[in-house]
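Protein chains: 4
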Amino acid sequence: MSASEVLRLDGHVVDSLVLAKVLDLVVDSGATYRILEMEIGTTRRDPSHVRIEVTASSEESLEALFASLHVHGANREDAADALLVPAERDGVLPEGFYATTNLPTRVRLGGRWTSVESPEMDCAVVVEPDSEGAAASARTVPMHRVRRGDMVVVGSGGVRVDRPTPRGCGAGAGAGNDEDEDEDGDEGELGSLTGGGSFGFMTSDVSSEKPKALSVERVAGALRSARSRRERRSGRQEDRSPGGGADRGADRGADRVLVVAGPAVVHTGAAPALAGLVRDGWVQVLFAGNGFATHDVESAVLGTSLGVPLAGGRPAEHGHANHLRVINELRRYGSIEAAVQAGWLASGVLYECVKAGVPFVLAGSIRDDGPIPDVVTDTLQAADAMREQVAGVGVAIMLASTLHAIATGNLLPAGVETFCVDINQAVVTKLADRGSHQAMGIVTDVGLFVSELAAAVGALPVPSPT
Amino acid sequence: MSASEVLRLDGHVVDSLVLAKVLDLVVDSGATYRILEMEIGTTRRDPSHVRIEVTASSEESLEALFASLHVHGANREDAADALLVPAERDGVLPEGFYATTNLPTRVRLGGRWTSVESPEMDCAVVVEPDSEGAAASARTVPMHRVRRGDMVVVGSGGVRVDRPTPRGCGAGAGAGNDEDEDEDGDEGELGSLTGGGSFGFMTSDVSSEKPKALSVERVAGALRSARSRRERRSGRQEDRSPGGGADRGADRGADRVLVVAGPAVVHTGAAPALAGLVRDGWVQVLFAGNGFATHDVESAVLGTSLGVPLAGGRPAEHGHANHLRVINELRRYGSIEAAVQAGWLASGVLYECVKAGVPFVLAGSIRDDGPIPDVVTDTLQAADAMREQVAGVGVAIMLASTLHAIATGNLLPAGVETFCVDINQAVVTKLADRGSHQAMGIVTDVGLFVSELAAAVGALPVPSPT
Amino acid sequence: MSASEVLRLDGHVVDSLVLAKVLDLVVDSGATYRILEMEIGTTRRDPSHVRIEVTASSEESLEALFASLHVHGANREDAADALLVPAERDGVLPEGFYATTNLPTRVRLGGRWTSVESPEMDCAVVVEPDSEGAAASARTVPMHRVRRGDMVVVGSGGVRVDRPTPRGCGAGAGAGNDEDEDEDGDEGELGSLTGGGSFGFMTSDVSSEKPKALSVERVAGALRSARSRRERRSGRQEDRSPGGGADRGADRGADRVLVVAGPAVVHTGAAPALAGLVRDGWVQVLFAGNGFATHDVESAVLGTSLGVPLAGGRPAEHGHANHLRVINELRRYGSIEAAVQAGWLASGVLYECVKAGVPFVLAGSIRDDGPIPDVVTDTLQAADAMREQVAGVGVAIMLASTLHAIATGNLLPAGVETFCVDINQAVVTKLADRGSHQAMGIVTDVGLFVSELAAAVGALPVPSPT
Amino acid sequence: MSASEVLRLDGHVVDSLVLAKVLDLVVDSGATYRILEMEIGTTRRDPSHVRIEVTASSEESLEALFASLHVHGANREDAADALLVPAERDGVLPEGFYATTNLPTRVRLGGRWTSVESPEMDCAVVVEPDSEGAAASARTVPMHRVRRGDMVVVGSGGVRVDRPTPRGCGAGAGAGNDEDEDEDGDEGELGSLTGGGSFGFMTSDVSSEKPKALSVERVAGALRSARSRRERRSGRQEDRSPGGGADRGADRGADRVLVVAGPAVVHTGAAPALAGLVRDGWVQVLFAGNGFATHDVESAVLGTSLGVPLAGGRPAEHGHANHLRVINELRRYGSIEAAVQAGWLASGVLYECVKAGVPFVLAGSIRDDGPIPDVVTDTLQAADAMREQVAGVGVAIMLASTLHAIATGNLLPAGVETFCVDINQAVVTKLADRGSHQAMGIVTDVGLFVSELAAAVGALPVPSPT
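Protein chains in written order, with the working numbering: chain X, 1 to 466; chain Z, 1 to 466; chain C, 1 to 466; chain G, 1 to 466.
Hints in this document: simulated from the structure, not taken from any laboratory.
Take the hints with a grain of salt, since some may be wrong.
[Claimed, not checked] Counterexamples of contact, computed for chain C against chain X with all Cβ distances above 12 Å:
1) 37
2) 78
3) 91
4) 367
5) 383
[To be verified] Only some residues are given here: those of chain C computed to face chain X with a beta carbon under 7 Å:
6) 378
7) 382
8) 460
None of the values given here were measured: they were computed from a predicted structure.
We put the beta carbon where it would ideally sit given N, CA and C, even for glycine.
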């Protein structure tokens with residue numbers, strides 16, 4: 001019941017990323033492809049020609065896929081005439097109408113190709129057939145302007161979309177400005193500023209407008225997958241323990257989960273959920289700074305974060321100096337672990353780390369008050385301490401942290417599955433700009449996200465006793 | 001067991017908002033006040049003097065409150081000498097140490113007041129007593145620099161903080177620049193750009209760094225409170241129905257809940273939760289645009305939002321044209337209600353509105369595709385339709401909407417409890433700038449927020465059957 | 001020609017900030033006030049009554065001022081009847097029409113006060129007079145709905161606006177919910193989350209929607225003012241040098257200008273302008289980190305910033321490793337100063353600092369590559385080094401820096417005039433939240449801002465020779 | 001003097017965008033390429049092999065280019081041994097050291113390839129040679145940890161970087177987890193959320209951290225280019241006018257410049273500069289809304305924008321109702337043109353439009369006050385009016401407008417060079433997400449940007465007389 005058809009791509013399809021994008025869409029749709037022919041331009045000025053056989057599970061899937069490929073200038077090789085259906089009513093289009101892109105488009109009627117006037121996206125194409133069955137004219141029509149009896153193109157058969165010329169090859173105002181070529185050439189150098197060609201929409205990878213339950217599930221899946229790798233490995237190790245196994249590949253241990261946490265994790269009320277994740281074994285190592293540690297302890301001991309009560313109590317009872325008192329006490333105890341042993345610190349993320357033997361690195365920064373005694377104040381030493389803990393990390397989750405997230409991103413091998421959760425889109429962009437390309441950005445509220453994540457893997461929050 | 005003490009405020013305490021802020025903090029802390037004396041400057045140049053008796057539930061509460069009031073230059077009237085305690089150890093301060101502000105500060109020792117050198121916030125004050133028991137010198141010391149034996153001020157007794165001169169009265173580089181007064185006068189005109197004096201920290205009202213569970217609970221509380229008002233009113237109406245009570249004032253019915261929803265509600269996966277809130281009677285009227293309506297129906301009928309599958313399926317099956325097909329179908333049916341009657345639309349927020357008889361206004365905008373037939377394309381008519389539905393609204397919740405939120409904010413009386421939920425802080429600022437001062441801004445992810453809100457009031461999400 | 005009139009404020013005017021705001025507006029408008037009477041409620045439940053005589057330069061000014069004070073519930077004491085003028089034409093209001101707020105409003109006609117129905121902001125008030133000349137009814141009417149002959153209120157005479165009840169005193173859905181008082185009381189505790197009453201609009205202090213030329217001029221003014229204070233002081237010191245002046249107050253030297261610069265200063269192309277400001281004596285001390293320093297040198301030596309050419313050349317020639325090569329060279333030289341002496345570093349901000357003898361502190365952070373030898377890697381030592389340079393600073397300008405800006409803000413006394421320039425509104429909010437209330441936030445593009453600032457004070461940019 | 005060398009790409013180079021990116025970098029660097037061999041995998045599971053000859057202007061350029069290509073796993077075909085140079089000093093690397101990526105890396109020594117331990121970006125590679133001259137071990141070393149005598153790899157010869165496996169083909173924790181393949185397969189469906197492979201860094205296309213003078217120059221270049229096309233066309237038309245020219249290609253007139261302006265253009269003080277651009281013929285058509293128009297007229301007539309004085313005067317003189325008075329006056333005149341004819345409106349952007357005969361479309365929205373009479377309140381009619389003006393537009397500049405920018409973006413053909421200038425990165429992302437992929441996003445302050453743009457093309461600002 002599967003359906004196949006051949007599509008063609010012509011022009012600057014390699015260096016403009018179009019080929020890559022098209023193959024991507026084919027695979028994402030669940031279809032498969034086979035490249036039948038590929039003439040790649042040997043230099044930049046030479047166009048390429050590619051023929052790809054696409055196989056989908058049904059005619060409907062194939063049709064839907066081809067519709068989405070039109071945006072990228074990928075057309076059916078085997079062009080029949082376009083199918084025309086009259087509108088039955090003013091302002092309503094026939095079912096299955098062809099929805100336009102904003103690219104130059106042609107329709108085939110009576111074996112002849114006619115350009116569609118006024119390219120505009122999300123419109124229908126209305127054709128005025130001439131006496132010989134070809135199109136006298138074709139134009140885009142917004143839905144509300146279609147009139148009863150208008151002949152509307154249905155399906156993507158007989159429709160061709162021409163890809164925009166890639167930037168640097170005469171981009172901009174397009175054809176007809178040959179004389180500008182030389183001037184325009186300079187613009188090409190600025191290309192990296194633009195979203196030219198079909199580049200641009202990838203910026204949407206980092207957007208707050210995504211289904212959030214999916215993002216939660218995605219991270220939860222990474223946590224579960226890392227856990228099952230850890231369990232398998234520890235199983236194998238036991239099996240082999242007598243003889244000792246030699247094959248300890250570099251990736252052998254890429255199953256530890258690293259969490260990098262900023263103070264907003266505490267401010268937004270996510271500390272109990274993170275504490276639950278630590279206690280239940282979902283986190284193998286924690287990186288943070290003096291701020292996170294202080295507020296984690298402050299919220300555990302006093303129930304406030306930067307003096308703001310997390311449970312809705314009265315703000316003024318405990319003043320802005322809460323965090324200083326907490327730091328001072330920790331300095332008296334000498335370390336977080338000592339404060340736990342003494343029973344003074346009895347809940348919170350760091351408490352759970354101490355209890356579960358999860359190592360943590362607290363790196364110093366110039367804005368630190370105190371700092372608490374576990375903080376490594378020399379930044380080179382702190383980075384070195386982080387380096388040592390990075391070995392074997394397979395999943396890294398950055399939570400509302402800029403400085404520590406970027407510092408950690410710099411230390412991680414490219415293979416580490418990395419999630420950067422922040423309410424500020426700019427932070428995620430920055431992380432990517434600094435070279436951590438593998439990071440998946442999740443623009444959301446860390447306070448709610450971590451709670452949902454803990455729930456998704458079944459870790460119970462550990463509320464403070466206060 | 002309650003404790004009282006008198007505090008004084010001197011200087012420009014009225015026009016600088018300091019008095020207001022101090023009374024605010026007193027009340028927020030659970031203490032009470034009584035104004036004993038108030039000499040208000042009759043003109044702007046005249047300083048004021050205020051004496052306020054503050055009563056708190058315990059000595060500890062009072063001490064904590066006075067510590068927090070220091071920031072604003074409110075000092076104990078009854079000044080004893082400061083209490084000095086030696087540090088027992090390098091880098092550790094005595095318990096209860098006085099934590100500094102960044103304001104000019106004096107300490108009293110041997111009955112004499114000495115200025116603290118180098119004002120800096122979050123430090124301790126170390127005093128070098130002279131032979132007569134007064135302070136030879138006093139200076140701020142960061143925690144890590146304190147040395148064993150240093151005499152550290154403990155508690156806020158004997159400490160005075162001087163309020164910064166208000167802007168326009170010689171603000172800026174402060175004392176000593178009398179000659180600049182005239183020039184500086186001009187700067188006063190720009191005052192509204194600054195956060196001068198102690199204004200600035202109110203900007204933190206709109207921040208993403210807040211405990212999110214509290215924000216959820218706050219809105220849930222407003223929903224519950226409106227519901228109980230509705231129930232009481234309907235109870236009263238039944239009681240009176242025989243005799244009929246003539247129509248009671250404008251506020252009588254300020255118990256309806258208005259939701260203004262942007263398309264991101266659907267994109268982020270919050271539509272089922274919102275549908276649940278509508279179905280269970282938590283929402284009395286809905287304002288939205290063509291985008292929200294389209295994607296709500298798209299997700300109900302096709303399981304996608306702008307072509308992105310909400311349940312994690314394959315993106316390409318349904319292309320970018322999904323929303324156009326949905327609009328076209330609705331145009332064929334003639335209205336959302338007709339599509340519900342015909343059984344074509346069987347879930348989603350608008351479906352629940354139709355089922356529950358919750359009125360909705362869909363207002364048009366120039367970026368609309370289609371639009372769907374219920375959209376009021378004339379903006380004046382749309383605003384008038386919204387005006388009619390605003391009567392009796394007591395709670396308004398704006399969800400990820402800029403245009404509709406501001407438009408609605410313009411229509412609401414000041415008494416309406418308004419929540420503006422958006423991931424973008426700028427939207428909330430904009431709403432406030434346009435005059436809707438009563439709005440509480442919640443900077444968070446609407447996708448997660450609405451789900452938690454529905455859970456908080458016990459409304460079950462209504463997932464799409466797809 | 002000046003005009004005076006008495007206004008009254010009733011209710012919770014002190015703790016709701018209303019009195020402060022009203023006096024603020026009076027002063028900002030150029031008018032003066034005299035408080036005639038002030039009965040302040042001794043406890044929180046008691047209302048206050050204030051009578052203030054306001055004097056403006058003309059009747060028109062006074063009228064305009066009173067119109068703006070209406071928003072805050074400040075009304076003329078001396079109420080005459082409202083002035084009614086018929087609309088001459090459909091959809092056009094009479095000149096000088098009263099523009100409504102969203103607060104409860106009454107109009108006086110025939111000596112009787114009538115409530116205006118459906119409070120809505122930015123409308124006119126149309127009155128239906130009864131037979132006795134009083135108002136049978138009054139309602140808000142949006143401009144497009146006024147009809148020829150409608151009797152429209154003109155001016156603010158005879159109009160009263162009632163302030164909204166402050167939060168915690170029955171805020172929310174307003175009148176009629178006496179039974180809710182106790183429940184609602186709890187909400188008061190969350191007050192700091194809200195922008196209740198007329199608080200909220202101060203958040204607009206930090207907005208990108210401000211006239212930018214004014215912001216530039218404001219900072220330029222601070223630079224000029226600090227310079228003239230420096231010059232006067234140095235003049236005085238010369239005068240006195242023989243006898244030696246003893247009285248050198250704390251503020252004596254609060255005339256140094258501190259710049260805190262983040263790497264984006266270089267990335268956005270602002271380094272030449274900042275170099276010009278340093279060279280021409282507008283900056284006395286610089287705080288930055290390894291990133292700023294590296295990119296400043298990278299742009300000076302190689303013409304790129306993080307490998308991106310600042311002058312529009314080709315990106316690929318110099319790869320992502322440019323900054324590493326620059327750091328390595330500086331490490332070879334041993335210090336920035338040595339690199340300047342050797343002639344290897346011959347332009348840029350740090351070059352100008354070395355040449356002009358402007359001290360700089362480069363503080364380390366965990367994300368640093370290298371670092372360059374001048375960076376203080378121990379964060380406590382770095383903060384201490386910054387502390388020493390803070391003495392005598394009167395103006396601080398934070399440019400596109402979060403970490404260093406907050407760290408510096410923590411060290412500065414409250415009197416220092418502080419400007420925080422960043423394209424990200426959240427950074428400014430964060431700075432204020434951490435206690436630096438005196439900061440004026442300027443949400444703008446640092447790349448363009450610094451260039452305009454340099455131009456405003458007449459400092460020529462110093463372009464790199466590359 | 002040019003230099004050539006062959007590079008190889010192996011693996012999933014097409015569907016992972018790697019090939020495209022590599023060719024892009026080659027071209028951007030000024031080098032040229034010739035594809036020697038291209039075996040493309042016919043299905044998704046089959047790897048590809050590509051050999052490309054790259055020619056650069058010099059050995060140095062070629063070396064720099066190859067260094068930058070390493071990031072993408074493009075290696076020299078012709079591998080010699082790596083060059084080792086001993087560090088002369090602790091903490092200082094030899095000149096030309098190889099700077100690492102975070103990808104799996106190998107070095108060749110004695111003809112044998114050795115994996116580099118602990119991949120980490122921005123480090124050097126230190127090799128421990130064995131007795132036979134091959135590498136016993138190779139590891140990344142951060143600069144500060146290199147010790148005198150360490151053997152450091154210099155140049156990119158003899159270094160190979162392996163591309164990360166593309167997502168969906170075993171991404172995530174990498175090798176060794178074959179058993180996970182099936183589970184991981186599901187994750188591929190979520191791929192579009194990630195920046196997997198080397199995708200991610202393209203998000204940096206929209207960032208505030210770009211040299212701003214270049215962005216200004218880029219837009220100025222587009223304006224100049226459009227102008228010269230207009231002039232050439234009008235020249236040609238004159239030449240041909242007798243005979244009449246038939247060739248009216250689609251692109252013939254793609255030389256008009258469209259500006260879409262939001263109210264922040266006025267609020268930030270950019271109106272005079274935009275007025276100058278209109279007056280001097282740089283703008284052929286303007287789209288805006290009631291807000292922009294109102295504030296443009298308000299600032300021209302009263303010198304304020306939303307009541308805030310643009311020249312720094314006193315805010316309170318003119319209240320919040322200023323814009324209402326302006327709208328009311330325009331309604332009295334009947335149209336903007338009538339107000340210009342009557343001499344009431346004598347400056348500003350719209351004034352210049354009327355004077356220069358530049359058409360404008362003012363589209364209505366539900367938040368409009370008034371509106372002014374030129375506003376098209378029906379959104380379908382407004383969009384149709386915009387459609388008519390879109391013909392012949394070759395350059396579109398969106399200034400601080402979300403609604404109108406997206407609406408316009410929907411109407412424009414893909415070939416139109418589009419710039420979206422906004423201080424909010426999210427707006428630009430949104431525009432791209434809605435399909436306007438050709439837009440170049442410029443994250444900056446519109447107030448300063450437009451002034452610099454006007455200066456760059458030599459248009460003098462037209463200040464208001466007020």
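Here is what the structure says about each hint:
1. Consistency note on residue 37/C: stated as away from chain X, and its beta-carbon is indeed over 12 Å from all of that chain's, at 32 Å minimum.
2. The beta carbon of residue 78/C sits about 41 Å from the closest Cβ of chain X, which is more than 12 Å, so the claim that it is off the interface holds.
3. No Cβ of chain X comes within 12 Å of the Cβ of residue 91/C; the nearest lies about 27 Å off, and the non-interface call holds.
4. Its closest Cβ contact with chain X, about 4 Å, brings residue 367/C to no more than 12 Å, contrary to its assignment away from the interface.
5. With a cut of 12 Å on Cβ distances, residue 383/C falls inside the contact zone with chain X, its closest approach being about 5 Å.
6. The restraint placing residue 378/C at the interface with chain X holds, with a minimum CB-CB distance near 5 Å, inside the 7 Å limit.
7. With 7 Å as the threshold, the beta carbon of residue 382/C comes within range of chain X, its nearest partner Cβ sitting at about 5 Å, so the hint holds.
8. Among the interface hints, the one on residue 460/C is violated; its C-beta lies about 26 Å from the nearest C-beta in chain X, farther than the 7 Å criterion.
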